[in-house]
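Student: This is what each chain is made of:
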Amino acid sequence: MPEATYLDANELVINMGPQHPSTHGVLRVILKLDGEKVIGTECVIGYLHRGVEKIGENRTYQQFAPYVDRMDYVAAVSNGLGYCLAVEKLLNIEAPPRAQAVRVILTELNRIASHLLWLGTHALDIGAITPVFYCFREREEVLKIFENYCGARLTTHAFRIGGLQYETYEGFEEQTRKFCDWFIPKVDEYERLLTNNRIWVGRLKNVGVLTADECKEYGVTGPVLRAAGVKWDLRKAQPYSGYEQYEFEIPIGENGDTYDRYTVRMEEMRQAVRIIRQAVDRLPAGPIMGKVPKVIKPAVGEVYVSIEAPKGELGYFVVSDNSTQPYRVRVRPPSFINLQALDRMVRGGLVADVVAIIGTLDIVLGEVDR
Amino acid sequence: MSISKFFRTIFLVDLFQGLWVTFRNQDPKRIYTEQYPAERPKVAERYRGAPRLNINPDNGETLCIACNLCALACPEDLIVVGSERNEETRRKELTTFTYDTSRCMFCGLCEDACPVDALELTQDFELASYTREGAIWDRQMLEEGPRPTPYKC
Amino acid sequence: MADEHKPDGPAPPPPAGGEAGTPPAKPAAPSAKAPLPKPPAVMAVTPWESDITQLLKERFDGQIPEFSTYLGQNFLVAAPEALVPVLETLKLELDFDYLVDITAVDYPKRPERFDLVYILYSFARNERVRVKIRIPDGYRPATAVTVHLTANWLEREVFDMFGIQFEGHPDMRRILLPEEWQGHPLRKDYSILKQDQAWVRENLSIESGQ
Numbered sequence: 001m002p003e004a005t006y007l008d009a010n011e012l013v014i015n016m017g018p019q020h021p022s023t024h025g026v027l028r029v030i031l032k033l034d035g036e037k038v039i040g041t042e043c044v045i046g047y048l049h050r051g052v053e054k055i056g057e058n059r060t061y062q063q064f065a066p067y068v069d070r071m072d073y074v075a076a077v078s079n080g081l082g083y084c085l086a087v088e089k090l091l092n093i094e095a096p097p098r099a100q101a102v103r104v105i106l107t108e109l110n111r112i113a114s115h116l117l118w119l120g121t122h123a124l125d126i127g128a129i130t131p132v133f134y135c136f137r138e139r140e141e142v143l144k145i146f147e148n149y150c151g152a153r154l155t156t157h158a159f160r161i162g163g164l165q166y167e168t169y170e171g172f173e174e175q176t177r178k179f180c181d182w183f184i185p186k187v188d189e190y191e192r193l194l195t196n197n198r199i200w201v202g203r204l205k206n207v208g209v210l211t212a213d214e215c216k217e218y219g220v221t222g223p224v225l226r227a228a229g230v231k232w233d234l235r236k237a238q239p240y241s242g243y244e245q246y247e248f249e250i251p252i253g254e255n256g257d258t259y260d261r262y263t264v265r266m267e268e269m270r271q272a273v274r275i276i277r278q279a280v281d282r283l284p285a286g287p288i289m290g291k292v293p294k295v296i297k298p299a300v301g302e303v304y305v306s307i308e309a310p311k312g313e314l315g316y317f318v319v320s321d322n323s324t325q326p327y328r329v330r331v332r333p334p335s336f337i338n339l340q341a342l343d344r345m346v347r348g349g350l351v352a353d354v355v356a357i358i359g360t361l362d363i364v365l366g367e368v369d370r
Numbered sequence: 001m002s003i004s005k006f007f008r009t010i011f012l013v014d015l016f017q018g019l020w021v022t023f024r025n026q027d028p029k030r031i032y033t034e035q036y037p038a039e040r041p042k043v044a045e046r047y048r049g050a051p052r053l054n055i056n057p058d059n060g061e062t063l064c065i066a067c068n069l070c071a072l073a074c075p076e077d078l079i080v081v082g083s084e085r086n087e088e089t090r091r092k093e094l095t096t097f098t099y100d101t102s103r104c105m106f107c108g109l110c111e112d113a114c115p116v117d118a119l120e121l122t123q124d125f126e127l128a129s130y131t132r133e134g135a136i137w138d139r140q141m142l143e144e145g146p147r148p149t150p151y152k153c
Numbered sequence: 001m002a003d004e005h006k007p008d009g010p011a012p013p014p015p016a017g018g019e020a021g022t023p024p025a026k027p028a029a030p031s032a033k034a035p036l037p038k039p040p041a042v043m044a045v046t047p048w049e050s051d052i053t054q055l056l057k058e059r060f061d062g063q064i065p066e067f068s069t070y071l072g073q074n075f076l077v078a079a080p081e082a083l084v085p086v087l088e089t090l091k092l093e094l095d096f097d098y099l100v101d102i103t104a105v106d107y108p109k110r111p112e113r114f115d116l117v118y119i120l121y122s123f124a125r126n127e128r129v130r131v132k133i134r135i136p137d138g139y140r141p142a143t144a145v146t147v148h149l150t151a152n153w154l155e156r157e158v159f160d161m162f163g164i165q166f167e168g169h170p171d172m173r174r175i176l177l178p179e180e181w182q183g184h185p186l187r188k189d190y191s192i193l194k195q196d197q198a199w200v201r202e203n204l205s206i207e208s209g210q
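Residue numbers (the numbering used here), protein chains in the order written: chain P, 1 to 370; chain S, 1 to 153; chain E, 1 to 210.
To be clear, the hints were calculated from the coordinates, so they are not data collected in a lab.
Values in this document were obtained by computation on a predicted structure and should not be read as measured data.
Where hints are given, some of them may not hold.
[To be verified] Each computed DSSO-like pair below joins lysine-lysine, with the alpha-carbon atoms no more than 27 Å apart:
hint	chain 1	residue 1	chain 2	residue 2
1	P	K54	E	K91
2	S	K29	S	K42
3	P	K205	S	K5
4	P	K205	P	K37
5	E	K188	E	K109
6	E	K109	P	K297
7	P	K186	S	K5
8	E	K194	E	K109
9	P	K178	S	K42
10	P	K178	S	K29
11	S	K42	P	K186
12	E	K91	P	K231
13	E	K188	P	K297
14	S	K42	P	K144
15	P	K54	E	K109
16	S	K29	P	K186
17	P	K144	S	K29
18	P	K54	E	K194
19	S	K92	P	K294
20	E	K57	P	K236
From just these sequences and the hints, can you work out the full model?
Tutor: This is the structure in structure tokens:
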């Protein structure tokens, strides 16, 4: 029996290293290939670990709010919303209706911004270089609204515990309505560029299929779960911050492949515009800050509150020991848990599909590593 | 496959639709690029940029009352307020004020905490310096603001 | 300091303030003469009864000492050996098929140092439940990977941050920190300014600024 030389080895191990334009951050994926087909992967994460949970134990409740923006830095407003809702639940207070409505508007704008960045970078990874410029142009308008409201584009720190810090600025409603009217034709433009394009369909259809049962097993949430056909959205199932007042649809897909995730997210952008229009039309007058004590010292206890972030279910588990600093802040990161399913999704695909699948999971390494 | 779909596939209709979108955006009226540094972006009024210690316009004295609330509010503990007690008015007066912009995350908590609107985050965003120590601002730099060298085209 | 969470069967009577578990956090009114009631040193929970608790009480008689609710969120405290059977029962018979999160809380002054928390959600019932077990340092709980596949990376992270090893886990190694890192950062005795200086010196060849 001739000795096996290394030329007979069928398995090739290559490294898709932390510095890679398509891994959406510092993600290292070790691929085991048989030719071009992927037979196994291993994700190495932790390059962006900053110890946010440990910082949470050493800052007061109000001081910790700017740090949570930096986890999912693409959609910072939802992180802030989740944290403020969790601490408000611990204190058993609720933000006034006007604050809730403004929070909904900013969170949905933030959802549009996050999906725009997702679309641009995903298309860029697949090879369609044009959408990224258009998406960032639209994103620029959303960031202008954020800047006018709270002073920062990316790490907004827009919400405070108990409500809002800033009253809406002069012209907020007008600018938001103008954005909504301007934006819907742009979504149609992206669809014209991509949806029926044979190259796009060929690269995305039947790639990275994750069925509904697999999604539930892996704990995957967000657009990935909805593309698999499960009509579940935390904004409808367990509404928070006044979402029960607004009418919107939950888009679902059929096959759970990458193309369905694309259509689900495009439709989510349209539904977000619908929610924003309703919220701006019905913006109630009133105070913007609830009755919050000057020194926040919640009673001993723990609470878990989660919201539907653009990437999935973002949860905060806050444990308090009646001091000014939380005892433990745990962030349930949707990108971390969605990334676990990468291994199942790439089996049998090609290397080019790995790039498409990492893009479609919409991960942000700031959230994966915290 | 219907006849219209057959012709759409042969004549690459979907690809040309996409190309038409791209072609339409070549119109010079749709150019979205800002030619920085020749044209500076106009930032919002509430923009959280460089910190500034405000001065009372009437008598030229600082508005800061050295209450130390900004230092307590800062998550990064980068403000150090030095004060001494003035025996005549029996009030605290500000002597030194150190602000470390290299660690600042421009969250705005110090600006929110100030009771007299002395500390304000302005619209300046050009804060670069050549040394690490240059990023630690003392009271004089805070009152004047950063003076970046203007770019001459 | 409130790091004793004693498993109370009948909850202590809630302090003056009406609702369960929420003492007033600021003065009620300027004219109130009575001093502020001190918030309780342990979590002010109320007991939880439902069909879920009935079924679990039948199955695991004695192994689940506490079923409680705090601020409307239900949780149960189980004995550490009963963890995986409880998770299996919750998944297969009570439709809690989605494991939301696994995390731990460190109470260094307690003999059972860690509070390991599993958060579960049921799509059918639209309800969440928390399963907590109290384990001492060095105890190796059974892995939940056989019941929920999500537990793989979540348990690796708990090991990385707290040092709790899970028995039977297919790949028990660090996930966020480098493999050779010494120490478990989220423990309370690991100072926030501390780093594994030896690792930093060797791999990054710098003297760390902390």
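Student: So, for every hint listed, does it hold in this structure?
Tutor: Hint check:
Restraint check: the Cα-Cα separation between K54/P and K91/E comes to about 32 Å, which exceeds 27 Å; the hinted pair is violated. A hinted pair counts as satisfied when its Cα atoms are at most 27 Å apart, and K29/S with K42/S qualifies at roughly 20 Å. Straight-line distance between C-alpha atoms of K205/P and K5/S comes to about 19 Å, which keeps the hinted pair within the 27 Å bound. Note on K205/P and K37/P: the hinted pairing holds, with a Cα-Cα distance of about 17 Å set against a maximum of 27 Å.
With a CA separation close to 10 Å, the supplied pair K188/E and K109/E stays within the 27 Å bound. At roughly 21 Å between alpha-carbon atoms, K109/E and K297/P fall within 27 Å of each other, so this suggested pair holds. For the suggested pair K186/P and K5/S, the alpha carbons sit about 26 Å apart, so the restraint of at most 27 Å is met. Taken as a hint, the K194/E and K109/E pair is honoured in the structure, with Cα atoms around 21 Å apart against an allowance of 27 Å.
A hinted pair counts as satisfied when its Cα atoms are at most 27 Å apart, and K178/P with K42/S qualifies at roughly 20 Å. With a C-alpha separation of about 19 Å, the suggested pair K178/P and K29/S falls inside the 27 Å cut-off, and the hint holds. Proximity of K42/S to K186/P is assessed by CA-CA distance (about 25 Å); at most 27 Å being required, the pair is judged to hold. In summary, the hint linking K91/E to K231/P is supported, as the alpha carbons are separated by about 20 Å, within the 27 Å threshold.
At roughly 20 Å between alpha-carbon atoms, K188/E and K297/P fall within 27 Å of each other, so this suggested pair holds. A threshold of 27 Å between alpha carbons decides the hint, and for K42/S with K144/P the separation of about 10 Å falls inside it, so the pair holds. At roughly 19 Å between alpha-carbon atoms, K54/P and K109/E fall within 27 Å of each other, so this suggested pair holds. Restraint check: the Cα-Cα separation between K29/S and K186/P comes to about 17 Å, which is no more than 27 Å; the hinted pair holds.
Under the criterion of a C-alpha separation no larger than 27 Å, the hint pairing K144/P with K29/S is consistent with the structure, at around 20 Å. Taking the CA atoms of K54/P and K194/E, the gap is near 11 Å; set against the 27 Å cutoff, the hint holds. With a C-alpha separation of about 24 Å, the suggested pairing of K92/S with K294/P holds against the 27 Å cut-off. For the hint pairing K57/E with K236/P, the CA-to-CA distance comes to about 32 Å; that exceeds 27 Å, so the pair is violated.
Hint compliance for this structure: hints 1, 20 are not met, and every other hint is.
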